[in-house]
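Mind docking chain B on chain A? Use the hints.
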Amino acid sequence: MRARFPLLGLASAAGLLALTGCVPNAGAPGSSHAALTVDSSATACTVSADEAPAGNVRFTVANSGDQVTEFYLLADDGLRIVGEAENIGPGLSRDLVVQLPAGSYFTACKPGMTGDGIGKAEFTVTTSEGAAGASVDLAARIETANTNYAAYVRDQVAQLVTGTAAFAAAYTTGDADAARALYAPTRAHWERVETIAESFGDLDPKLDLREADLEEGQDWTGWHAIEKDLWPADAEAGFTAYSPDERQRLAGLLVADTATLNDKVQDLHFTLAQQTNGAIGLLDEVSTGKVTGEEEFWSHTDLSDFQANVDGASVLYAGVRDILVEKDATLAERLDREFAALQELLDAQRAGDGFRLYTELSPAEIRALADQVNALSEPLNQLTATLVL
Amino acid sequence: MTRTDPGAAPEPTAPGADPVARPEPRGLSRRGLLGLAGAGVAGLGLGVGGDRAVQAAVAVASPAAAYPFYGAHQAGIVTPAQDRLHFAAFDLAPDATRADLISLLRDWTAAAASLTAGAAIGQFGAASGSYDAPPEDTGEAQGLPASGLTITFGFGPTLFETAAGADRFGLASRRPPLLVDLPHFPGDLLEEGRNGGDLCIQACADDPQVAVHAIRNLSRIAFGRASLRWSQLGFGRTASTSISQATPRNLFGFKDGTANIKAEEPAVVDEQVWVPAADGPAWLAGGSYLVARRIRMTIEAWDRTILREQEAVFGRTKGEGAPLSGGTEFTEPDFSLAGRGDAPLIDAAAHVRLAHPQQNGGARMLRRGYNFVDGNDALGRLDAGLFFISFQRSPEQFSRVQLSLARHDALNEYTRHVGSALFAVPPGARRGSHIGAALFA
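Protein chains in written order, with the numbering used here: chain A, 1 to 389; chain B, 1001 to 1441.
Note that these hints are calculated values from the structure, not bench results. In this text, all values refer to a predicted model and were calculated from it rather than measured experimentally. Wrong hints could be hidden among the right ones.
Said to hold, decoys possible - If we take Cβ atoms under 7 Å as the criterion, some of the chain B residues that face chain A in the derived model are:
(1) Gly1187
(2) Ala1301
(3) Ile1306
(4) Gly1321
(5) Ala1322
(6) Leu1324
Stated by the list, open to error - Ranges between beta-carbon positions, derived for each pair:
(7) A:Ala151 with B:Gly1361: 43 to 49 Å
(8) B:Pro1134 with A:Ala235: 47 to 53 Å
(9) B:Ser1336 with A:Asp175: 34 to 40 Å
(10) B:Arg1098 with A:Asp245: 48 to 54 Å
(11) A:Asp219 with B:Pro1134: 58 to 64 Å
(12) A:Ala364 with B:Asp1279: 50 to 56 Å
(13) A:Glu365 with B:Ser1336: 48 to 54 Å
(14) B:Glu1264 with A:Asp202: 41 to 47 Å
(15) B:Asp1279 with A:Ile81: 42 to 48 Å
(16) B:Asp1374 with A:Ala165: 45 to 51 Å
(17) B:Ala1164 with A:Ala364: 40 to 46 Å
(18) B:Phe1223 with A:Asp347: 53 to 59 Å
(19) A:Ser128 with B:Asp1374: 32 to 38 Å
(20) B:Pro1177 with A:Ala235: 32 to 38 Å
Said to hold, decoys possible - Just a sample of chain A residues kept apart from chain B, beta carbon distances all over 12 Å, derived:
(21) Thr172
(22) Phe200
(23) Pro232
(24) Gln248
(25) Leu268
(26) Asn277
(27) Ala329
(28) Asn374
Positions of the beta carbon are idealized from the N, C-alpha and C atoms, including for glycine.
Next up, chain B with everything else stripped away, as it sits in the complex:
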């Protein structure tokens, strides 16, 4: 994955440059690809080549950006966070075999490489092929650029061993010792149907239709071998993973992820995000662990909260996002600076304090969450919140911070964790191989 390799972090847009105004953002559209190549596999190779040529000229935030699927690490982790998310967890079919699992990963790999290049699925794509067969590609992304699509795969604990102890695919001995269900955290109110999964796919793109198209087609490819367990749409990124990106806001209206790990800090990424070979197991080297949490926000109560309390809860100003100890957004918080009555300006229970690496033995995560609003509940409240995603070298990094937050965070009054999942994210696939190949070697 050359583009998002920490050593080759993407160049931010030049000041004043307008990514939209760049000429010919993509060499080949989906339509052009099909027309030109007429064959999926050939078109794929061509598409990637075309994308690569274009990449150097494409701004990070450009809707035309395309990221290569193959590489040392999977894309969609240190890749500058795209605007939209479709996340899906799958379960293998009850009768699926080890061969089914491998063939599924192989098919998914080929499809993902195609989709991320902005190309259609299959040999004939969305609008041609046998007139007496359904089109291979579902078609809603025709004419749309790659839109920065990344597709990131993960393996859940149950892939290796079911809760009942069944080793369905001969993988139990390859299970990473750290890949066990997250502990119950205080305040967890996990809902049926929002947890776990044998496999996961994180599809991120700057166009929601492109992200949905990816999950839809990958689900279709899986039918008979695996089926959707749960899925989640996210409409606004809540974290920056590159210094080229402005810090976005969560649904509380505050900047979130100011202190996130950025792609431009390769040493930190190596230390906190990628699983080194020394950690084991060998097949996971260069991979990571993905934590997903569906965090419902009681935004109606939040919106009735006075500004003084809102800022006290976060420990930052609502406008600039500066820590209450002073400065601007990126000023390091001074947790000891006291105000009136010798009380610290940043409250003992403030989110910024409890989430800070200083308070958590240096533990950091690469956060990549998204805002969501899934209609409303029966009480007329928006079913809104944060779909939290983090990548880390060990799930313990998440657990340590989350335990600290779950115990004391003032924000808990306005949030509840209703979904939870943990996946091991294998390293990137080599061209000609498939995702997770080393696991089956």
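Okay, chain A solo, but in the shape it has when bound:
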């Protein structure tokens, strides 16, 4: 796979998204909402109104000061964060859209992003017809989902470690048939948690770089370098099989880099946004690499990766599904349906323990898979905005 570094990966999203008990929602496009403005200056935090009807509320926060600022919407205890817009550069403005039940809140700004903030003021959300009901404290369930997902990642990487060892042994002892048989099933563990693995920017290119992604003079290591040696049929004229020493070297690096990955995932903790964006990222992997047959350029085992990406997204979705059902049952129902439809298409391509080769698929079959990936991706990409602040 091509090295991809989602900017909202593990590092930069950490701490961005507080888990709170409110019921935030970006709302459906075009739905009505109360629109307020906030002027965050060096000395004041001026909100255009001190109350709004319950429902979707949009704060357009303009930073008129000369420092980076943040805007907070706090619960009635003045401490718990209900919504926030952070990292607003001088002169910029940014929207915070939240779905608010009736109640008492506070607004505050934090120019310079240090200290207790300034301009803390009471803000009242009045009852209105058709607005969301009382908030449900979901923090505990969200925390459970996060913990469960961390365990899933550790388990997949542990299986990857075991599988990689067996694959490397078969490859270096010259048992090419066994290595070919182990290739796709072992890589499935990688593909299921691919967005996590990719977030370690230095490891991903070592383990999963495709030949096209090399720069001149760069050492090609990892799964796809070995893949080409195991399936040389499509290689360029003049390609020669690797020497035993080269095979030892590549297999050794594969095992060592996988062990490093295993170390790195031991202490991971995920926010809800990282999970939902991870599910989106996995489907993007499918639509840009697998459904096009570019990922497994030599072995053509793309559908196995495809299934593994979908597995990973499915696990992420399942972890938050009951939370989603409470917030937006219609979206949950649609996602259930689209996941099932995609799985049905994949199941139709099963052969033996795995899948038909990408090169055996007809253009119509590929097209149907691509269309269904789009059908699933579109609602899936509403997940973050629906579940997370």
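The following block gives chain B in isolation, referenced to the frame of chain A:
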């Protein structure tokens, strides 16, 4: 090329002036030219004269603008970027000789001078001449103004020496040392039939029909001597080359080219765009290097990306185009300004950071790219993207920035480079001579 000479940069439209409302934007239409002069060569001279007289009164963005073909530099580089593009790469015929090549350049020069003046090709144009011969001009631009058409020619590496080392035209010794195929960049997925070429023509105009008319007729003139290798239509400019132009948007919906080199910065243009005599070879002095890259965008994946990520990828706001470090569109980005957790507001992998001259040893390019949508692929995705064109004094300026982008740019997740070409762009032709004449001297 008086109009777009950096020293004589075009005047922006006066505030409040409506270019469309200007009286008599062009003195002579194609039809009028033919009727009046009745002869291509004479009409050409007349047309240019008429255009020049009109130019001073024509706004930059006016569809009636006409740029002279002859000049110190070729037009279509610092010329304010027009709205439409038709770019074409050609290969010389297998049996073409040096004399064929020179005659082709001579014919192309005459035709280009005519076309850019808004005149038709040949002596009789599109709708007259022998009743028993096809018209000299293909005719679809009849009645259309010059539309700011510029025609810019370039010479590819294979013109000087084929991949197999053949020196077909006795030019190998004149080859600029820098005119070699661009290196493979990480992530390049170049497709057959979208790369290289012996010659190129960039036709830009504010009317697509005028740009296509130019390439169509120039291809026709070349038949037997050279043939089309690949070509690309672009429908929306993605860069401004003059401060009189608003920054346009690429298909990601972001302003692109805010920090582009502008015609109004003559010192920068001299330093970064034109090949000085000291760089050599002598025949290229006053010319430039043109890099063309067909960059496919996976816009379906992009459109599903949350706004937070979109802005983080570019390092700019989507609306105003201000850097995330604050200010407005033209505020210089502050790459060190940190936000929460001491993370920089402009991410380490943000496009604006990696493409910035600060990160690339001061290297800049004059970008002149266009949006394209060529139907859709077999998977039902729009075959859309950016046809990137840049002009620079040395291809190394492009390579340095592209290497930095190809390695780290967060945008790579949504783009792939599928076509690539490099051309040496000779200086402008003098009246009475032809494009690239110094190369054969």
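Each hint tested on the structure:
Hint status for Gly1187 (chain B) relative to chain A: holds, with the closest Cβ pair at about 5 Å, below 7 Å. The beta carbon of Ala1301 (chain B) comes within 5 Å of a beta carbon in chain A, closer than 7 Å, and the hint placing it at the interface holds. Because the smallest distance between the Cβ of Ile1306 (chain B) and any Cβ of chain A comes to about 6 Å, under 7 Å, the interface hint for this residue holds. Checking Gly1321 (chain B) against chain A by beta carbon gives a least distance of about 11 Å; that is not within 7 Å, so the hint is violated.
At its closest, the beta carbon of Ala1322 (chain B) sits 6 Å from a beta carbon of chain A; the interface hint therefore holds under the 7 Å criterion. For the restraint placing Leu1324 (chain B) at the interface with chain A, the shortest Cβ-Cβ distance is roughly 6 Å, inside the 7 Å limit, so the hint holds. Look at Ala151 (chain A) against Gly1361 (chain B): about 47 Å separates their beta carbons, and that is inside 43 to 49 Å. Taking the beta carbon of each, Pro1134 (chain B) and Ala235 (chain A) are about 50 Å apart, inside 47 to 53 Å as hinted.
In this structure, Ser1336 (chain B) and Asp175 (chain A) break the distance hint of 34 to 40 Å, their C-beta atoms being roughly 54 Å apart. Between Arg1098 (chain B) and Asp245 (chain A) the CB atoms are about 52 Å apart, so this pair conforms to the stated range of 48 to 54 Å. A hinted range of 58 to 64 Å holds for the C-beta pair Asp219 (chain A) and Pro1134 (chain B), which are about 59 Å apart. Look at Ala364 (chain A) against Asp1279 (chain B): about 55 Å separates their beta carbons, and that is inside 50 to 56 Å.
The hinted range of 48 to 54 Å is satisfied by Glu365 (chain A) and Ser1336 (chain B), whose Cβ atoms lie roughly 51 Å apart. Between Glu1264 (chain B) and Asp202 (chain A) the C-beta distance comes to about 43 Å, which sits within the given range of 41 to 47 Å. At about 59 Å, the beta-carbon gap between Asp1279 (chain B) and Ile81 (chain A) misses the expected band of 42 to 48 Å. The beta-carbon spacing between Asp1374 (chain B) and Ala165 (chain A), approximately 47 Å, falls within the hinted interval of 45 to 51 Å.
Distance hint for Ala1164 (chain B) and Ala364 (chain A): a CB-CB separation of about 41 Å, consistent with the stated range 40 to 46 Å. Between Phe1223 (chain B) and Asp347 (chain A) the CB atoms are about 55 Å apart, so this pair conforms to the stated range of 53 to 59 Å. A beta carbon spacing of about 49 Å between Ser128 (chain A) and Asp1374 (chain B) contradicts the range 32 to 38 Å that was offered as a hint. In this structure the supplied range 32 to 38 Å holds for Pro1177 (chain B) paired with Ala235 (chain A), their Cβ-Cβ distance being about 33 Å.
Here Thr172 (chain A) stays apart from chain B, with its beta-carbon at least about 28 Å from theirs, past the 12 Å limit. In this structure Phe200 (chain A) is separated from chain B by more than 12 Å, as the shortest Cβ-Cβ distance comes to about 14 Å. Non-interface call for Pro232 (chain A) relative to chain B: holds, since the shortest CB-CB distance, roughly 21 Å, exceeds 12 Å. With 12 Å as the threshold on Cβ separation, the claim that Gln248 (chain A) sits away from chain B holds: the shortest Cβ distance comes to roughly 26 Å.
With a least CB separation of 17 Å from chain B, Leu268 (chain A) remains clear of the 12 Å interface cut-off, as annotated. The non-interface label for Asn277 (chain A) is inconsistent with chain B: the shortest C-beta to C-beta separation is roughly 7 Å, within 12 Å. Distance check on Ala329 (chain A): its Cβ is at least 22 Å (rounded) from any Cβ of chain B, clearing the 12 Å threshold; non-interface status holds. Non-interface call for Asn374 (chain A) relative to chain B: violated, since the shortest CB-CB distance, roughly 7 Å, does not exceed 12 Å.
Figure legend: structure checked against the earlier numbered hints; hints not met, in rising order: 4, 9, 15, 19, 26, 28.
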